[in-house]
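Asks: What follows is each chain in one-letter form.
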Amino acid sequence: MNAKELCGVANAKLDTFVTWTALDRSNLSDGRKLAVNYFIVAVILFFAQLLFGMIAATQFIFPSFLYGWLDFSVNRMVHINAMVVWMLYGFIGCTYWLLEDESQTEIVGLKFGKLAFWVLTIAVAVVVLVYLFIQIGAGNDTTLWLINEGREYIEAPRWADIGIVAVVLTFFYNVVATFSKGKWSGIAGVLTLDLVALAGLYLAGMFYMTNITHEQFWWWWVIHLWVEATWEVLVGVIMAWSLMKLLGVRRKIVTTWLYIEVALMFGSGILGLGHHYFWIGTPEYWLTIGGFFSALEPIPLVAMVVHAVYDSGSHAFKNGNHPALAWVIAHAFGNFFGAGVWGFMHTLPQINLYTHGTQWSASHGHLAFFGAYATINIAFFYLAIQHWRGDVWMSGNAQNAWRWKWALGLLNVGVVGMTIALLIAGYEQSFIERAVEGSTWSGYFSAQNHPSFQSAMVWRWFFGLMTFAGLILLIWDLLTIGKGETRKMAVVEAE
Amino acid sequence: MIQPVAMQDFFITFFSSALIILAGASYALLFAWSKVNANFRIKIAAYVSYIVLIVAVVLLTRAANFTGYWLSLSAVMVVGYFFAPIGIWHLCVKTHAENHHKTLEEKL
Chain A
1 MNAKELCGVA NAKLDTFVTW TALDRSNLSD GRKLAVNYFI VAVILFFAQL LFGMIAATQF
61 IFPSFLYGWL DFSVNRMVHI NAMVVWMLYG FIGCTYWLLE DESQTEIVGL KFGKLAFWVL
121 TIAVAVVVLV YLFIQIGAGN DTTLWLINEG REYIEAPRWA DIGIVAVVLT FFYNVVATFS
181 KGKWSGIAGV LTLDLVALAG LYLAGMFYMT NITHEQFWWW WVIHLWVEAT WEVLVGVIMA
241 WSLMKLLGVR RKIVTTWLYI EVALMFGSGI LGLGHHYFWI GTPEYWLTIG GFFSALEPIP
301 LVAMVVHAVY DSGSHAFKNG NHPALAWVIA HAFGNFFGAG VWGFMHTLPQ INLYTHGTQW
361 SASHGHLAFF GAYATINIAF FYLAIQHWRG DVWMSGNAQN AWRWKWALGL LNVGVVGMTI
421 ALLIAGYEQS FIERAVEGST WSGYFSAQNH PSFQSAMVWR WFFGLMTFAG LILLIWDLLT
481 IGKGETRKMA VVEAE
Chain B
1 MIQPVAMQDF FITFFSSALI ILAGASYALL FAWSKVNANF RIKIAAYVSY IVLIVAVVLL
61 TRAANFTGYW LSLSAVMVVG YFFAPIGIWH LCVKTHAENH HKTLEEKL
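Sequences listed follow chains A and B, in order. So that you can map any letter, position 297 of the first sequence is 297 in my numbering, and since no number is skipped, the others follow by simple counting. So that you can map any letter, position 84 of the second sequence is 84 in my numbering, and since no number is skipped, the others follow by simple counting.
What the hints contain is simulated information worked out from the structure, not anything from laboratory work. All residues carry an ideal CB built from backbone N, CA and C; glycine is no exception. Each hint should be verified, as a subset may be incorrect.
To be verified - Heads up, simulated BS3-like pairs for lysine-lysine below, C-alpha to C-alpha not over 30 Å straight-line:
id, chain 1, residue 1, chain 2, residue 2
1, A, Lys-318, B, Lys-43
2, B, Lys-94, A, Lys-245
3, A, Lys-245, B, Lys-35
4, A, Lys-183, B, Lys-94
Unchecked claim - Output of the computed footprint for chain B on chain A, the stretches with three or more beta carbons under 8 Å from beta carbons of chain B:
id, region
5, 165-178
6, 282-291
7, 347-360
8, 431-438
Looking at chain A on its own, in the form it has when it is part of the complex:
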């Protein structure tokens, strides 16, 4: 079979698949078609994240598995990078989705937005292929620009960094120009200012300093200010708009709480970042700043609990999209436990001295990222698919509702199971490797070979598999939910 015939077969298969999904793109505006493109790539990368995570988890148990073909360092890198990028795709898609509705006009410069989408997607594909095909080798200025920048979590080579900033600037232009042409709102203002930070803070990860402490100081700006601060605000914006659509909450209420969230972030979140400056050679006052402000970080979560009870008393959560609301509730719990409980358990410097960078961090990271970001993206996917199907019924007695319920259960139980397994491994690691053996090389191996660590890794693998099964079910559900449904969505009564 030659290349032309192969393309023909692939096109025919794709057409069959599109016909099977029965999704009608004529239900979408041009802006929302672009948003859907972002969502599709986000789901593909979500799949890649879990696939490479499973391979890395397998290598924890069988270290020789795929050794020399697909090394652990590469799997872990792709696992984490895919997570960061799919969430970014999700957030950009959510923003394009709400932009026309919020501004009450068509997206300005949409063709640049479409171009940026393809530039970013091709760049991501090339970067991943380079990661996979050039796994080891010497590092120099050329490899920094073309292969791997060498910084944990933001390994993308410099050319891709520049591409990311260019794409975010194009995205920023789309957003600002659209609001300028249409209608500004509180949500629009917060979103615009946040996108300045989203593009700006990434620059901090694009230059090197010869002093390792200075280098780490700025690197954390990308890892934590970019991911924690700007993404949190972006989630706040997406949540604010979603709550208006999902529960009929009044604009004034969501806007006020969005401002409160931004104020709390400035009041506690940014300086709470100090807990990442504890052990990199920064001045000692960061121990105090990081410790104190980290202790204040759970306050927005307490606010969330109080507000949820208030809303349940006054509104009873009546809504027209049950899967989306279920994922919003999962977001509230996941964020509370992942970021709040799991974060505060090891954030004070008196204990963080032993836990920093162990599987404790991985435990916290798994639940916090899933709870704070993955859940809200999935909730939005359900909102989008409902509209894509023509605003069909997705409330009680929906067809095949078991799929979304099982996907929700498997994904959440899977992630919580992995979190607890990693917590056990991290506890053992911080105790034996750090406290007993004083962070020595032999201490590292003692901890890695300890039965409780190894058992924890087996349990992590099992729950990882459960998460993976949940994702497959979720994808199946997203492709089929509402198919053949003739009832129109339940009308949400506003407060």
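Starting from the known structure of chain A, fit chain B onto it as the hints suggest.
Replies: The following block gives chain B in isolation, referenced to the frame of chain A:
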């Protein structure tokens, strides 16, 4: 200056830290619920949660060797977790107070 946690206090440090957040959230939840449902037992349960929070703060203060200005962190947690739900509840009431009869279109 910090005094690291002693090895025998690892578990109590993790446990008490988690308990602070859980008891704080439990107090907030029950406090808010007692406002929605005027049942005296719910209010008592809220204050029991708050007492658990105080115990957890004391345990953490001892396990994490808080001395000097670090003790103010304990005080901030005890005072802050008590008043935060009350303040947030007032914010909820104020932000939801008006325009109850507008249509959905007007509100969006």
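Asks: Hint compliance check: list the failing hint numbers for this structure, sorted ascending.
Replies: 5
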